[in-house]
Amino acid sequence: MKNKLTCIMLVDDDHNDNFFHEREIKKTNPSIIVIEKNTGLEALEYLKSKKVDKDMLPDLIFLDINMPGMNGWDFLQEYEQLDKELQSRVIIIMMTTSDNDDDIARAKTWSFVSDYITKPLTEEIMKGIIKKYFD
Amino acid sequence: MEKRKNLAELILENQELASKILIAHQELADELIKAKKEFSFLNEEKEKQVTELISENKKMSQDLLLAHQELALQNKEIEKRAAELIIANEELAFQNKEMEKRAADLIIINKELEQYAHANKELKQFAYIASHELKEPLRTIENFIQIINEDSLEKLDEKTVKYLRTIDNSTKRMTILINSLLHFSRLGINKKLSNVDCKEIIDSVVSDLAAIIKSSNATIEVSEMPKLNVYEIEFRQIFQNLISNAIKFHKKGSPPKIQIRSEKINENYRFSVSDNGIGIDPTHFDRVFDIFQRLHNTEEVFEGKGIGLAYCKKIVQMHEGEIWVESELGKGSTFYFTIFPISSV
Numbered sequence: 001m002k003n004k005l006t007c008i009m010l011v012d013d014d015h016n017d018n019f020f021h022e023r024e025i026k027k028t029n030p031s032i033i034v035i036e037k038n039t040g041l042e043a044l045e046y047l048k049s050k051k052v053d054k055d056m057l058p059d060l061i062f063l064d065i066n067m068p069g070m071n072g073w074d075f076l077q078e079y080e081q082l083d084k085e086l087q088s089r090v091i092i093i094m095m096t097t098s099d100n101d102d103d104i105a106r107a108k109t110w111s112f113v114s115d116y117i118t119k120p121l122t123e124e125i126m127k128g129i130i131k132k133y134f135d
Numbered sequence: 136m137e138k139r140k141n142l143a144e145l146i147l148e149n150q151e152l153a154s155k156i157l158i159a160h161q162e163l164a165d166e167l168i169k170a171k172k173e174f175s176f177l178n179e180e181k182e183k184q185v186t187e188l189i190s191e192n193k194k195m196s197q198d199l200l201l202a203h204q205e206l207a208l209q210n211k212e213i214e215k216r217a218a219e220l221i222i223a224n225e226e227l228a229f230q231n232k233e234m235e236k237r238a239a240d241l242i243i244i245n246k247e248l249e250q251y252a253h254a255n256k257e258l259k260q261f262a263y264i265a266s267h268e269l270k271e272p273l274r275t276i277e278n279f280i281q282i283i284n285e286d287s288l289e290k291l292d293e294k295t296v297k298y299l300r301t302i303d304n305s306t307k308r309m310t311i312l313i314n315s316l317l318h319f320s321r322l323g324i325n326k327k328l329s330n331v332d333c334k335e336i337i338d339s340v341v342s343d344l345a346a347i348i349k350s351s352n353a354t355i356e357v358s359e360m361p362k363l364n365v366y367e368i369e370f371r372q373i374f375q376n377l378i379s380n381a382i383k384f385h386k387k388g389s390p391p392k393i394q395i396r397s398e399k400i401n402e403n404y405r406f407s408v409s410d411n412g413i414g415i416d417p418t419h420f421d422r423v424f425d426i427f428q429r430l431h432n433t434e435e436v437f438e439g440k441g442i443g444l445a446y447c448k449k450i451v452q453m454h455e456g457e458i459w460v461e462s463e464l465g466k467g468s469t470f471y472f473t474i475f476p477i478s479s480v
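Taken in order, these protein sequences are the chains called A and B. So in my numbering the end of the first sequence lands on 135, straight run, no missing numbers. So in my numbering the end of the second sequence lands on 480, straight run, no missing numbers.
Check the hints yourself; a few may be wrong.
Some chain B residues near chain A, calculated using beta-carbon distances under 8 Å [claimed, not checked]:
no., residue
1, Glu191
2, His267
3, Lys270
4, Arg274
5, Asn278
6, Ile282
7, Ser329
8, Asn330
Calculated lysine-lysine pairs in the BS3-like style (CA-CA distance at most 27 Å, straight line) [what the hints assert, rightly or not]:
no., chain 1, residue 1, chain 2, residue 2
9, B, Lys307, B, Lys449
10, B, Lys307, A, Lys26
11, B, Lys307, B, Lys448
12, A, Lys127, A, Lys108
13, A, Lys108, B, Lys259
14, B, Lys334, B, Lys448
15, B, Lys383, B, Lys307
16, B, Lys399, B, Lys386
17, B, Lys246, B, Lys236
18, B, Lys383, B, Lys448
19, B, Lys448, B, Lys466
20, B, Lys307, A, Lys27
21, B, Lys290, A, Lys27
22, B, Lys392, B, Lys334
23, B, Lys326, A, Lys26
24, B, Lys362, B, Lys326
25, B, Lys327, B, Lys362
26, B, Lys326, B, Lys466
27, A, Lys4, A, Lys84
28, A, Lys2, A, Lys84
29, A, Lys108, B, Lys326
30, A, Lys27, A, Lys127
31, B, Lys326, A, Lys127
32, B, Lys327, A, Lys108
Label pairs and their computed distance ranges (CB to CB) [unchecked claim]:
no., chain 1, residue 1, chain 2, residue 2, range
33, B, Asp286, A, Cys7, 24 to 32 Å
34, A, Glu45, B, Ala239, 54 to 62 Å
35, A, Gly128, B, Asn401, 49 to 57 Å
36, A, Gln87, B, Phe475, 52 to 60 Å
37, B, Asn284, A, Asp74, 31 to 39 Å
38, B, Lys327, A, Gly128, 30 to 38 Å
39, B, Asp286, A, Asp74, 52 to 60 Å
If you're looking for bench data, these hints aren't it; they were derived computationally from the structure. Think of the CB as a built atom: it goes at the ideal place given N, C-alpha and C, for glycine as much as any other residue.
Hey, can you work out the whole structure from these sequences and the hints?
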């Protein structure tokens with residue numbers, strides 16, 4: 001069953017990228033809410049503090065790998081411990097500069113990681129994602 | 136009378152005595168003879184024994200002499216052998232020292248190799264990280280040029296738009312260069328050896344290049360090709376680059392004619408790709424294989440990336456081979472490369 005896409009979380013320390021990606025996302029649908037988190041820890045704390053079905057939870061997370069402190073991989077490890085119901089509602093897509101095969105293979109080892117794309121996120125890519133994972 | 140009787144008796148007695156003496160004498164003589172005989176016999180025996188002993192002794196002394204001589208000979212041999220052993224021992228000790236020296240040398244060489252391997256790894260990592268890190272700010276520039284293009288272009292005057300185009304082109308070119316560098320630094324990292332039919336490889340490259348072959352009217356002739364153990368994906372790229380170069384650098388007005396040949400020379404295979412293109416100045420023969428060395432300063436920024444031949448060189452070196460070019464300006468070029476098959480089949 002596909003969800004409606006109303007909220008996206010960008011987990012990336014690069015503000016310029018976030019700014020650009022938000023623009024591209026809003027080109028597909030201006031009403032999508034975009035939450036920006038600059039570290040894995042911030043993103044995790046946000047997810048932990050929200051209650052499923054009550055608060056604004058992201059339907060889609062774009063996760064960068066290279067971030068200071070808790071990086072993308074660390075985040076995935078912590079995310080795995082979170083509430084399963086929450087996990088079932090969220091689509092995670094890795095979005096990074098690296099097109100390194102090792103990174104792509106590593107991302108595939110996580111069952112709840114749906115996809116792997118390289119930056120920048122464009123309107124076209126965003127349309128493809130909506131088509132594939134959302135109503 | 137008495138006296139007579141006595142005399143007679145005496146005579147008798149005398150006679151008796153005389154006969155007794157005679158008998159005794161005879162007996163004695165007999166015994167003497169017998170004893171003498173026995174003695175002489177004994178003597179003979181003794182003499183015989185002595186002679187035997189002497190002869191035995193002689194023989195023994197001869198034997199002893201012989202044995203002594205033999206021993207002396209053996210002794211000499213042993214001495215000789217001992218001397219030889221000493222020499223051999225000295226030689227061994229020398230060899231041992233040499234070995235120790237060589238082992239020490241090897242340890243040094245090994246350490247050096249380790250250092251080289253480490254430096255090489257660092258360099259690769261550097262190239263990878265540099266390209267990776269460089270991509271991020273470059274992407275930001277590209278993204279913001281796009282934002283200006285989308286949002287603010289009408290607010291800019293003609294000159295500024297032109298400047299923006301220049302920035303955009305340079306940025307795009309830099310992106311290509313960085314991607315090429317990144318690709319170059321990772322070339323062969325996941326290389327896999329397989330047995331391939333070179334003819335099939337070339338055919339598939341030709342079919343990939345079908346569009347430019349058709350548009351340039353190029354003809355490609357391929358001679359007999361071997362089956363080899365090579366790093367397939369990388370090996371394929373050599374032909375891909377050489378063929379597309381041969382087409383790209385053709386003379387205006389004459390369609391490219393490309394000949395691909397192979398020849399077995401000792402254990403190596405030598406391949407060649409010849410064209411009838413614009414050719415290369417002999418002073419550039421070495422430089423063409425260096426990374427980012429474009430000889431043709433074309434206006435088309437994105438065409439020659441100046442990396443294709445550097446790829447070829449790196450891949451050929453992966454196969455323990457060499458690559459070189461023979462060419463005459465205006466007449467065409469022939470690129471040669473050798474491949475040392477890991478084990479030819």
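Results for each hint:
At a threshold of 8 Å, the smallest CB-CB gap from Glu191(B) to chain A is about 99 Å, leaving the interface hint violated. Restraint check, His267(B) versus chain A: the minimum CB separation of about 6 Å is within 8 Å; hint holds. For Lys270(B), the interface hint holds, the least distance from its beta-carbon to any beta-carbon of chain A being 5 Å, beneath 8 Å. Interface restraint check: Arg274(B) against chain A, minimum CB-CB distance 6 Å, threshold 8 Å, status holds.
Hint status for Asn278(B): holds, given a least beta-carbon distance of 4 Å to chain A, under 8 Å. Against a cut-off of 8 Å between C-beta atoms, the interface hint on Ile282(B) holds, since the closest Cβ of chain A lies about 7 Å away. Given the 8 Å rule on beta carbons, the hint for Ser329(B) is violated: about 18 Å separates it from the nearest Cβ of chain A. Evaluation of the Asn330(B) hint against chain A yields a violated restraint, the C-beta minimum of about 24 Å exceeding 8 Å.
About 25 Å separates the Cα atoms of Lys307(B) and Lys449(B), which keeps this hinted pair within 27 Å; it holds. For the hint pairing Lys307(B) with Lys26(A), the CA-to-CA distance comes to about 25 Å; that is within 27 Å, so the pair holds. At most 27 Å may separate the alpha-carbon atoms for a hinted pair to count; Lys307(B) and Lys448(B) meet this at roughly 26 Å. Distance check on the hinted pair: Lys127(A) and Lys108(A) sit about 22 Å apart at the alpha-carbon level, within 27 Å; holds.
Under the criterion of a C-alpha separation no larger than 27 Å, the hint pairing Lys108(A) with Lys259(B) is consistent with the structure, at around 25 Å. Between Lys334(B) and Lys448(B), the direct Cα distance comes to roughly 21 Å. Compliance with the 27 Å bound is thereby established for this hinted pair. Under the criterion of a C-alpha separation no larger than 27 Å, the hint pairing Lys383(B) with Lys307(B) is consistent with the structure, at around 21 Å. A distance of roughly 31 Å separates the Cα atoms of Lys399(B) and Lys386(B); the hinted pair therefore is violated under the 27 Å criterion.
This hinted pair checks out: Lys246(B) and Lys236(B) have alpha carbons roughly 15 Å apart, not beyond 27 Å. Proposed proximity of Lys383(B) and Lys448(B) is supported: the alpha carbons are some 19 Å apart, at most 27 Å. Between Lys448(B) and Lys466(B) the alpha-carbon distance is near 23 Å, which keeps this suggested pair within the 27 Å criterion. Straight-line distance between C-alpha atoms of Lys307(B) and Lys27(A) comes to about 24 Å, which keeps the hinted pair within the 27 Å bound.
Of the supplied pair hints, the one linking Lys290(B) and Lys27(A) holds, its CA atoms being roughly 21 Å apart against a limit of 27 Å. Annotation: proposed proximity of Lys392(B) to Lys334(B) holds, straight-line Cα distance about 18 Å (limit 27 Å). Restraint check: the Cα-Cα separation between Lys326(B) and Lys26(A) comes to about 42 Å, which exceeds 27 Å; the hinted pair is violated. For the proposed pair Lys362(B) and Lys326(B), the alpha carbon gap of about 18 Å is at most 27 Å, so the pair holds.
For the hint linking Lys327(B) to Lys362(B), the alpha-carbon distance of about 16 Å falls within 27 Å, and the restraint holds. Only pairs whose Cα atoms come within 27 Å are accepted, and Lys326(B) paired with Lys466(B) is rejected, the gap being roughly 36 Å. Between the alpha carbons of Lys4(A) and Lys84(A) the distance comes to roughly 19 Å, so the proposed pair stays at or under 27 Å and holds. Distance check on the hinted pair: Lys2(A) and Lys84(A) sit about 17 Å apart at the alpha-carbon level, within 27 Å; holds.
Between Lys108(A) and Lys326(B) the alpha-carbon distance is near 22 Å, which keeps this suggested pair within the 27 Å criterion. Our distance criterion of 27 Å between C-alpha atoms is met by Lys27(A) and Lys127(A), whose separation comes to about 9 Å. Note on Lys326(B) and Lys127(A): the hinted pairing is violated, with a Cα-Cα distance of about 36 Å set against a maximum of 27 Å. For a cut-off of 27 Å, the pair hint linking Lys327(B) to Lys108(A) stands: about 22 Å separates their Cα positions.
In this structure the hint that Asp286(B) and Cys7(A) lie 24 to 32 Å apart at CB holds, the actual value being about 25 Å. Look at Glu45(A) against Ala239(B): about 60 Å separates their beta carbons, and that is inside 54 to 62 Å. Separation of Gly128(A) from Asn401(B) is about 54 Å and conforms to the stated range, judged on CB atoms against 49 to 57 Å. In this structure, Gln87(A) and Phe475(B) meet the distance hint of 52 to 60 Å, their C-beta atoms being roughly 53 Å apart.
With their beta carbons about 37 Å apart, Asn284(B) and Asp74(A) fall inside the hinted range of 31 to 39 Å. Distance hint check: the CB atoms of Lys327(B) and Gly128(A) are about 31 Å apart, consistent with the given range 30 to 38 Å. The supplied range of 52 to 60 Å is broken by Asp286(B) and Asp74(A), whose beta-carbon atoms lie about 37 Å from each other.
Checked against the numbered hints given earlier, this structure breaks hints 1, 7, 8, 16, 23, 26, 31 and 39; the rest are met.
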